[in-house]
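Quick mapping for you: the protein sequence lines, in order, are chains A and B.
Be aware that the first sequence starts at 3, since it is given in the numbering used here, and climbs by one per residue.
Be aware that the second sequence starts at 2, since it is given in the numbering used here, and climbs by one per residue.
Misleading hints may appear alongside valid ones.
Computed list of lysine-lysine pairs in DSSO-like fashion (alpha-carbon distance at most 30 Å, straight line) [as the list claims (entries may be wrong)]:
id: 1; chain 1: B; residue 1: Lys27; chain 2: B; residue 2: Lys81
id: 2; chain 1: B; residue 1: Lys27; chain 2: A; residue 2: Lys129
id: 3; chain 1: A; residue 1: Lys44; chain 2: B; residue 2: Lys27
id: 4; chain 1: A; residue 1: Lys92; chain 2: A; residue 2: Lys129
Since the hints were made in silico from the structure, they are not lab data.
Everything numeric in this text was worked out from a predicted model, so none of it was measured.
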Amino acid sequence: MTLLVDIVVSTLVLLGAAFVLIGSWGLVRLPSTMERLHGPTKATTLGLGSLLVASVVYFHARLGIWTAHELLISLFLFITAPISANMIAKVHLHRVRIGAIEEPDSIAGPPPLPAGDGDWATFETPKRNTPASTANT
Amino acid sequence: MIGIALQIAFGCVALALLFNGWRLLKGPALGDRIVALDTMVINAIALIVLAGMIGGTATFFEVALLLAMVGFVSTIAYCKFILRGDIVE
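Extracted from the complex, chain B is given alone in its bound form (with noise of 0.2 Å):
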């Protein structure tokens, strides 16, 4: 049963993904990019979550720890470059 429901979990996230990839290339505005790059690197954690309970080892959690730390500090340089035209002043 948990096979069947992590399967399912996995489609559910790629096509999340997908959405997050067209809204990522139709913008318009250049907030919402912002906002589609901060949700594919969530989903890219929940994918990797779900990688890691379906091969069954505990290496992953590491990765998605580093993940949301990059995808964090990767939104707020994008928004400081946006702002103010330097990130680091």
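Chain A on its own, in the form it takes in the complex (with noise of 0.2 Å):
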């Protein structure tokens, strides 16, 4: 294994522990749960990218082949954490609204409503012809 491969891998293995450990140090420090849905997207995007990048070179120094499973796990947790976090800001938001839970102080404040006479579209019920609304059948 050349100096080179042992630099790229090591530096990319330690940003991406870096990564991951800010992001949960960020789901500790932050303090209402709007904004500790900010800090574990680094873990996920930049973390584990990192890690996965530096699995790809080391493999193919180490046994010669490359190999793309790696990046199919890459591609499949962009793909699923913006879903995710919706799906959590939207659980957040109802509690919120029911009074389960009492909105913290925070720099930011509780999200503000939308623009117009509106609300959140997960508090409205669905809208006539659009094209996915189960209002129409």
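With the hints in hand, could you dock these two chains into one complex?
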């Protein structure tokens, strides 16, 4: 294994581990739930991304084969992370709306209502004549 | 050099898992616990990838891929259960 591969893999592994640690530290440290959603996204994209790229380079240097499994994991996580974050945010908005939890004091404050006279889409009944609406049937 | 870097990274990810466990136990909102569980799955995948690199075998990646899928489905199922009181309607 050459020195170049050594340096690249070590740097990527340390960078990935640092991002994973920072993401989880953000989960502990940030003051409100909506802000805590922000921390672990760093761990998902940058942290695991770096680790998986390091693993691709490492196994190419060690076994002499290119593998695409790691990129598959990365792709899957990149696709699913926004969906689960959206669902968690919806859960939080509903829990605040029914008064099950108090919105704690934070720098940003509670999320503002959207512009116009509408409410958040998750609280409204499905509108007619939109492509995915169940109100059309 | 790679060996030392992998050991340090293993320690960092283990510490991150402990942080997640603390948030999972402390809460206070239900959303925090779901975020903590979701992040724990991500960190477990990171641990599996690191273990595969330390062991030098490429057989761990199917495990990591399956865990990514199961983690996503369980997060969505948990959220759906809280939102609707039912998972498959």
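Does A:Lys129 lie within 30 Å of A:Lys92 when you go C-alpha to C-alpha?
holds, 18 Å
Check the hint pairing B:Lys27 with A:Lys129 against an upper bound of 30 Å on the C-alpha distance.
violated, 39 Å
Decide if the proposed pair is consistent with the structure: A:Lys44 and B:Lys27, CA atoms, cutoff 30 Å inclusive.
holds, 22 Å
Tell me if the straight-line CA distance from B:Lys27 to B:Lys81 falls inside 30 Å.
Holds, because 22 Å separates the two Cα atoms, which is no more than 30 Å.
Going down the numbered hints, you'll see the structure goes against just number 2.
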